[in-house]
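Trainee: What follows is the residue order along each chain.
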Amino acid sequence: MAEVKTKGEVVLNRVAIVAVVVALIVMLTPIYWIASTAFKPRSLATTVPPTVMFEPTLTPFAKLFTKRSQLRQPVEEDVYEAAPWWEKLIYDDGEQVVKNRKTGAITSSGYWDRYKNSLIVSIISTFLAVSMGTLTAYGFSRFKVKGEQDWLFFILSTRMLPPVVVAIPMFLMYRTVGLHDTHLGLIILYTAFNLSFAVWIMKGFVDEIPREYEEAALVDGYTRLQAFWKIVLPEALTGIAATAVFCFIIAWNEYAFALMMTSRNAQTAPPYIPSQVGSGLPDWSVIAAGAFLFLLPVAIFTFLLRNHLLRGMSFGAIRK
Amino acid sequence: MARIELTNVQKFFGAVQVLRDVNLVIEDGEFVVMLGQSGCGKTTTLRAIAGLETITSGTITIDGKEVQNLKAADRDIAFVFQSFSLYPHMTVEENIAFPLRAVRSRQAEREAEVKEVARFLGIEQLLPRRPSALSGGDMQRVAIGRALVRRPKALLMDEPIGALDAKLREQMRAEIKRLHIARESTSVYVTHDQVEAMSLADRIVVMHDGLLQQVGAPEEVYLRPANLFVAQFVGSPVMNVADVTVESEGTDALLRIGGANGFRVPSETVSHLNGSPAKLGIRPEAVMLSHDAKDGYIETETTNVEPLGSHDIVDVRVGDETLRARCESGFTGGEGQKLWVALDPHRAHFFDAASGNSLRRSA
Ligand SMILES: Nc1ncnc2c1ncn2[C@@H]1O[C@H](COP(=O)(O)OP(=O)(O)O)[C@@H](O)[C@H]1O
Ligand SMILES: [Mg+2]
Chain R
1 MAEVKTKGEV VLNRVAIVAV VVALIVMLTP IYWIASTAFK PRSLATTVPP TVMFEPTLTP
61 FAKLFTKRSQ LRQPVEEDVY EAAPWWEKLI YDDGEQVVKN RKTGAITSSG YWDRYKNSLI
121 VSIISTFLAV SMGTLTAYGF SRFKVKGEQD WLFFILSTRM LPPVVVAIPM FLMYRTVGLH
181 DTHLGLIILY TAFNLSFAVW IMKGFVDEIP REYEEAALVD GYTRLQAFWK IVLPEALTGI
241 AATAVFCFII AWNEYAFALM MTSRNAQTAP PYIPSQVGSG LPDWSVIAAG AFLFLLPVAI
301 FTFLLRNHLL RGMSFGAIRK
Chain H
1001 MARIELTNVQ KFFGAVQVLR DVNLVIEDGE FVVMLGQSGC GKTTTLRAIA GLETITSGTI
1061 TIDGKEVQNL KAADRDIAFV FQSFSLYPHM TVEENIAFPL RAVRSRQAER EAEVKEVARF
1121 LGIEQLLPRR PSALSGGDMQ RVAIGRALVR RPKALLMDEP IGALDAKLRE QMRAEIKRLH
1181 IARESTSVYV THDQVEAMSL ADRIVVMHDG LLQQVGAPEE VYLRPANLFV AQFVGSPVMN
1241 VADVTVESEG TDALLRIGGA NGFRVPSETV SHLNGSPAKL GIRPEAVMLS HDAKDGYIET
1301 ETTNVEPLGS HDIVDVRVGD ETLRARCESG FTGGEGQKLW VALDPHRAHF FDAASGNSLR
1361 RSA
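Same order as they appear, the protein sequences are chains R and H.
To convert, note that position 66 of the first sequence is 66 in our numbering; the numbers rise steadily by one, no gaps.
Add 1000 to the 1-based position in the second sequence for our numbering, that's all there is to it.
Hints are not guaranteed to be accurate.
So the derived label-pair ranges between C-beta atoms look like this [to be verified]:
#1 H/N1008 to R/E3: 54 to 62 Å
#2 H/Q1125 to R/N307: 23 to 31 Å
#3 H/G1258 to R/K146: 31 to 39 Å
As a list, the in silico DSBU-like pairs of lysine-lysine whose alpha-carbon atoms are at most 30 Å apart [claimed, not checked]:
#4 R/K88 to R/K102
#5 H/K1177 to H/K1115
#6 H/K1115 to R/K230
#7 R/K144 to H/K1071
#8 R/K102 to R/K146
#9 R/K99 to R/K116
#10 R/K146 to H/K1071
#11 R/K116 to R/K102
#12 R/K146 to R/K230
#13 H/K1167 to H/K1177
#14 H/K1071 to R/K230
#15 H/K1153 to H/K1071
#16 R/K144 to R/K230
#17 H/K1153 to H/K1115
#18 H/K1153 to R/K230
What the hints contain is simulated information worked out from the structure, not anything from laboratory work.
Positions of the beta carbon are idealized from the N, C-alpha and C atoms, including for glycine.
Using the sequences and the hints given, assemble the complete structure.
Mentor: Take a look at the structure:
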C-alpha cells in the first residue's frame, strides 16, 4: 500500500489522524477516570479540581467486598495488630467490618455474588446463543428451507421491538412460571435476545465457507455431522469468536431486564452497582472499584480474541 | 478399480432439466473425459456419480451394484474439485491424511500412506506447509494426493487444472496422464478444453445441453464427428461449415458454396447425399491452397492472415462464405492476395441441414 498521494490527500491524512486521536481521548477519559478513582482514597475521589497524582490504595476494593459500619471509637491496638492487611485499610478509613457476633465471621457485601451471577448468566447464555445460532445458520445456509427468507426475517424481527415494550408482559410471565429472580430465567432471556443476532452473523460466515469443503469430506467417507464438526466449525472459528464477543458484551452489560427480572438471588452486577450509590453517603471510590472490576472480563475476553476479531469484523468479506 | 454405468439418468433442478437421458459406460481402468461448454451438465453428471447430487430418475451402478441411493461416503469414489478445496486450517499432510482418518486407520499406517502418495506426486517437501503457502500447481497435486490416498474405486476430476495458467496446465496434463497410467485408476475427467480432452482421454464424451452428443476415442470424435455440434466443438481452429448444394457434372460432382463456382470432386465422395438440404464441414487442414491455377481449384483472394509461428491460418473468400485454411507459415504475403483453393473431398463432412446429424458414407 504505497500508492501515490496528492498534497491534498497528505493534509487530509494528517487531519484524520488528529481527529482519531481526539476521539480516542474523549472515549478513553471516562475509563481512565473510573480506573484511577478505583485506587483513590475516599477523600481524594471527589476533589475539585481532580487529583491526578496520588498514592494508589486498595482500600476501595477492600470496602467493595465487605459490609461495614462507622467506627464509634478508635479501634483497640491489639485488635488492629491482629487484623489482616485489608481490614487494617478499612480501620484506617474510620470504618469497621461487620462481623457475626457469635462466630466472628465477616459479612461480605453483595458484590461478589452479583459478579458471579453476571459471569454465570453471560457465559452460559453466550454459549447457548452462539452454538444454537451456528447450527441454525448452517441449516439455513446449506439446506433448502421452505420459506427461508420469511424465517430469517422473522428471526430478525424478534429484535425490532424495543425491550421496554415486552418488559412488562415478560415480567408477568416470569413471575407466573416462577422464573423471576432465577439464573435460568435470565439465561433464557439473554439467549433468546442474542440468538437472532447470532443466527444472522453466523449465516454470513457460514455462507462464506465453500460447500466443496464439506462435499470433499462427504465423498471421503465422513458423515455430514462429522464434516460439520471437522471442517465447518474450524473454518467458522473467526465468526464464532466475533459473535461470542458481541453476545457476551450484550449479556454482560444488560441493565433494564436485569433490573426488572431479578431482585436478589440472580441479580447481576449492572443493577447492583448503581443501587449502592443510594445507600448513605455515596463512596465514589468504592463504586469506581466495582465498575472497574466489572469492566475487566469484557476487556480480557476481547483482548484474547483480538486476532479473530480483527478478521471477523470484516464479516468474512476479505477472506481468501 | 471399477466399472461405472449410467442408465437413463435424468436430473431436474426445479423445473429445469439439466441431464436428459444420459447413458454411459465407463470401463474399469479407463480414462474418460467429458467435454462440453460451460453449463451443459458436466459437473452435475460427475456430482451424480459421486453422490453429491441425487438424480431424478435412472440408475447408476458401480461394479454392477446400484448406488444412486447410496450416500457419497458409501460409494468409495474420490473427487477433485475445480477449486481444489484444500482445508485451510490443516497442513498439507493433514489434508492428505484426512480421508484415511475417516476409516480410523492406525497413525503409523496413515503416515506411511501419506508419505508414499507424496513421494509419488513429488510433494514430500510440502507436507508441513499450509495450503495458502502453495502455488496453484502444488495445490492441485495435493488435491490429487488427497483423492488418491485411500485408493478409491474411481477418481472424478472436475476441471482440475482449469484455474492454472497455460504453461502449468500443459505440465499438469502430462502429470495426470502419467499418474493414470501408473495407477490404472478408473477416471472421469471434466473439461471444456478440447486440447485437454484430446490429449488425456481414452474416450471422449461430448456433451451438450444435458445430452451426450458422441462417445468415442479422440481420433474418432475428431475424424468422424457425429453431428455439427461435435464437429464445431472439437478441433482448433474451428471446422468451416457452409450450406452446400451438390450438382453432378459428368462423372464428377460439383460442390457449390456461397454461390461461387463450385468445387469439382469425385462423385463417389458425395454419392451418399440424397439431395435434401445439407451443410458441408471441412477442417482448415483439409482446405488446400495453391499459388497457381490447378485442376479442381477455384480462384480466390485472402481476406485475413493469422501467423501462428508453426503455421498460418489464412481466410479466403469463396462466394459469400469465408473458409479458413491452414498452411505453412509465410505461404501468402498478406491480405488481398490472389490464390487458388480446393477442398480435400475425403476429409469433407456432410451434415443434415435440419437435424445437424452427420450424413456419413456407409462403410
Ligand atoms: N444447484 C443447482 N440449482 C439449480 N440449477 C443448477 C444447480 N447446479 C447447476 N445448475 C444448472 O445446471 C446446468 C448445468 O450445470 P453444470 O452441471 O454445473 O454445468 P457444467 O459443469 O457443464 O458447466 C447449468 O445451467 C446450471 O445453471
Ligand atoms: Mg462445471
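Trainee: Give a verdict on every hint.
Mentor: Structure-based check of each hint:
1. H/N1008 to R/E3: 54 to 62 Å: Holds, at about 59 Å.
2. H/Q1125 to R/N307: 23 to 31 Å: 29 Å, holds
3. H/G1258 to R/K146: 31 to 39 Å: 58 Å Cβ-Cβ, so the 31 to 39 Å window is violated.
4. R/K88 to R/K102: 22 Å, holds
5. H/K1177 to H/K1115: 21 Å, holds
6. H/K1115 to R/K230: With a Cα-Cα distance of about 23 Å, the restraint between H/K1115 and R/K230 holds, given a limit of 30 Å.
7. R/K144 to H/K1071: 18 Å, holds
8. R/K102 to R/K146: 68 Å, violated
9. R/K99 to R/K116: With Cα atoms ~23 Å apart, R/K99 and R/K116 stay inside 30 Å; holds.
10. R/K146 to H/K1071: 23 Å, holds
11. R/K116 to R/K102: With a Cα-Cα distance of about 28 Å, the restraint between R/K116 and R/K102 holds, given a limit of 30 Å.
12. R/K146 to R/K230: 27 Å, holds
13. H/K1167 to H/K1177: 16 Å, holds
14. H/K1071 to R/K230: 19 Å, holds
15. H/K1153 to H/K1071: At roughly 15 Å apart (the allowed maximum being 30 Å), H/K1071 and H/K1153 satisfy the hint.
16. R/K144 to R/K230: Roughly 22 Å between the alpha carbons, so the hint for R/K144 and R/K230 holds.
17. H/K1153 to H/K1115: The hint holds at about 21 Å.
18. H/K1153 to R/K230: 24 Å, holds
In terms of the numbered hints stated before, the structure departs from hints 3, 8, listed from lowest to highest.
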